[in-house]
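In the order they appear, the protein sequences are chains A and B.
Under this note's numbering, residues 1 to 282 are what the first sequence spells out, in order.
Under this note's numbering, residues 1001 to 1330 are what the second sequence spells out, in order.
In case anyone wonders, no lab produced these hints; they're calculated from the structure.
Ideal placement from N, C-alpha and C gives every residue a C-beta, glycine not left out.
Among the hints, a few may not be true.
Said to hold, decoys possible - Reference listing, derived: stretches of chain B covered by chain A, where coverage requires no fewer than 3 residues with Cβ under 8 Å from a Cβ of chain A: (1) 1059-1072; (2) 1177-1191; (3) 1221-1232; (4) 1235-1248; (5) 1281-1287; (6) 1294-1304.
To be verified - Derived pair list, reagent style DSS-like, types lysine-lysine, alpha-carbon separation capped at 30 Å: (7) Lys-234/A / Lys-1157/B; (8) Lys-1292/B / Lys-1104/B; (9) Lys-234/A / Lys-1244/B; (10) Lys-1292/B / Lys-234/A; (11) Lys-1292/B / Lys-225/A; (12) Lys-1244/B / Lys-267/A.
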Amino acid sequence: MAKRPGGTGDSWHGHFESKRVPEGVWMRCEGCQATLFRKQVEQNLNVCPECQHHFSVSAAERIAQLLDADTFEEWFADLRPADPLGFNDRRPYPERVRSEQERTGLNEAAVVGQGFIKGIRIVFGLTDSGFIMGSMGSVVGEKLTRAIEKATDQQLPLVIVSGSGGGARMHEGILSLMQMAKVSAALARHHEAGCLFVSVLTHPTMGGVAASFASLGDLILAEPKALIGFAGPKVIAQTVRVQLPTGFQRSEFLLEHGFIDRIVARKDLRSVLAQLIGYLSP
Amino acid sequence: MPSPNEYRLPFEAPIYEMEARLSEMEANYAKNKAVGDSSGFAEQIRRLRRELANLKRTIYANLEPWQTVQVSRHQNRPQSRDYLDLIFDQFVELHGDRAIGDDKAIITGLGHLGDEKVMFIGHQKGKNLTERTACNFGCAHPEGYRKALLKMRMAAKFRLPIITFIDTPGAYPGIAAEERGQAAIIAENLREMSVIPTPIVCVVIGEGGSGGALGIGVGDRVAMLEHAYYSVISPEGCATILWKSSEHAPKAADALKMTSRDLLRFGVIDEIVAEPLGAAHRDHREAAANLKSFLIHALRGLADLPREELLNRRYEKFRRMGQFLEESSA
C-alpha cells in the first residue's frame, strides 16, 4: 500500500518555536555560533552583528522599530480567547493561554492598531511568534479582520508583519481554519476599495497564516532567511522521502520562485516600507 | 454489494456477521422453497432483516469521532466521480490551469443539475492504486487550486452557479507544491471565492482536510455529509504534535470536534446531508439522491438574490465565525 500523503504527517502546523535572544550577558548566535555580547545584539535590532542572523522580536520591539515614536494606538486589546472545544492536550487550553499571557505580557498573538511610519498614517498589525507560535485562532482572526475593515472604511494603507510558525491554531479547531476565510474576505474588500496592503513575512510564517493574509499583500516583503511555507519541512520530508534542497522554504527560495517582491534586512525595513507606501498611496 | 475483507471497518463486524447469517438463511429458504417447506423461514428472514436495519442504525448513530474518520475514508465511499455519474447529466470535464498542468486531484467541468447548468469543482482521491497515485490521494498541488479558480471565474462570467465537493486529506505537502506556491494559491482562492459574483454551494463529502479543503470551500451554503469530517488538522498530525505519535489519532479526533454535528453547532456549516442507513458506502444511489435534493434546494434559495445581497450575505456568513471573549463595549 502506498503511503497516504498528508495522512500520517502534520501537513498543517509547522512546529517552529522561534528563538528569542537568550538571557544572560553573553549569548551564542544560532546562525554562526559566534559568542556575542547580548547588549550589542539588542542594540542591533536583534540581528547578529557577525552573520546578520535575524532573531525574532517581540510585538513591542517590532512596533518600536517600525513606527514613529509613541504614535501607535492599539485597538481591540481586550479581546481574549475562549475555549470552544474544551481543548486539553497536556494541559487545558485556558491554562496554556494564561501562562502565555503572563510570559509575553500580551493578551493574544496578534496586536493591531494605527500608527505613523515616517509621518504616513497606517493601520498596523502583527503576529508575535512568541505567543502559542503566533498561531491564528478566533481572536487573531477577529482582530485582524476588524483592523482591515477599519483600514477599508478610512482608506488607509495596511501593514501586517507576520511571525506565525503555528499556522491556524489547533486548540480552537475548525474555528481557527475559518479565520483564514474571514480575514481573506476582509482583504478582498480592502483590495476592491483600492487600498494598499503590505505583508511583511518574518521567521517563521507557515500553514494557515501563510495560506491566507500573509500571502495576499499587494507587496510582499520578507526578512532574510525566514522560513515561509505551507507544509512543515518535516512533514514534506516524511511524505516525499528525499533530502530537501538547501535553503528550502527560506525567503531567498521564495524570492527565486517568484512569490515575494523583496527581501529586506531589518535595519532597512522601516525606510523601505515608508518609501513603498509613499509610491503607492495617494 | 459484498465488500472484500480489507474494506471492512472493525466496528462493522457485527453487521457483516448478521449479513452473513441472513444470506445463509435466504439460501436455505430458496432451497426449501424448492422442496415446498418454507413457512418458518420467511418469518425468520423478515425478523432478521429488521434486526439488521436496527443494528446499522444503532452502530451509525453512535459512532466515535475516530470511527467517523474511518467511514469518511472508506474505500467504497462514493467520490466526486461517482456523484458526477449519479447526480449530474451531460457532464463535460474541463482540464488544466493554463500555467503548470492538469491536476487530477481536482475535477472541474460543466454539467446539468436538474434544469440548472452548473460549474462543478471537486476533489478526487481515486479508487484503486493506479488512480490514487495519479490523483495523489486527493491532495491537490497549486495547479489544482488554480484550475479551480480559473473555472470558477469563468462560471461567474457566464452566470453559472458553482458546486464544490470537498474530499481531501489536505493540500499536497511536497517540494514542487511549495516551489509553485501552495500557500499563495490557497490564499488567493480564499480571497477570490469571497467575492465571486455567482452562487457557490460547497459540500464536504468525505475528508475535509484543513487548508486544502477550505481552498475550494468558501461559499454561500456549506454542508457536510453526515459521516464526513472537517478539521483544521488531520487527527494523525494533531496526535503527532500533542502526543508524539500518530497512534493517538483517535484521541485527537475526539479533541478536535470535527464531525458534522460539531460543525453545525459551531455555525461553520449550514446543514447536514443525511447518509443512507449504514453510511454512503452501502448505497451510492441513495447518498447521491440525498445530495442532489440538497443541491437543488440550496441553489433555488440563492438564485434570485441580487449580486450585492449574495456577496454581503457570504461575507457576513464567514465574518461571524469564531468565538472569543470581549469586555463590555469599548
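Hints versus structure:
no., hint, result
1, 1059-1072, "violated (count 0)"
2, 1177-1191, "holds (count 13)"
3, 1221-1232, "holds (count 3)"
4, 1235-1248, "holds (count 8)"
5, 1281-1287, "violated (count 0)"
6, 1294-1304, "violated (count 0)"
7, Lys-234/A / Lys-1157/B, "violated, 41 Å"
8, Lys-1292/B / Lys-1104/B, "holds, 24 Å"
9, Lys-234/A / Lys-1244/B, "holds, 13 Å"
10, Lys-1292/B / Lys-234/A, "violated, 41 Å"
11, Lys-1292/B / Lys-225/A, "violated, 50 Å"
12, Lys-1244/B / Lys-267/A, "violated, 39 Å"
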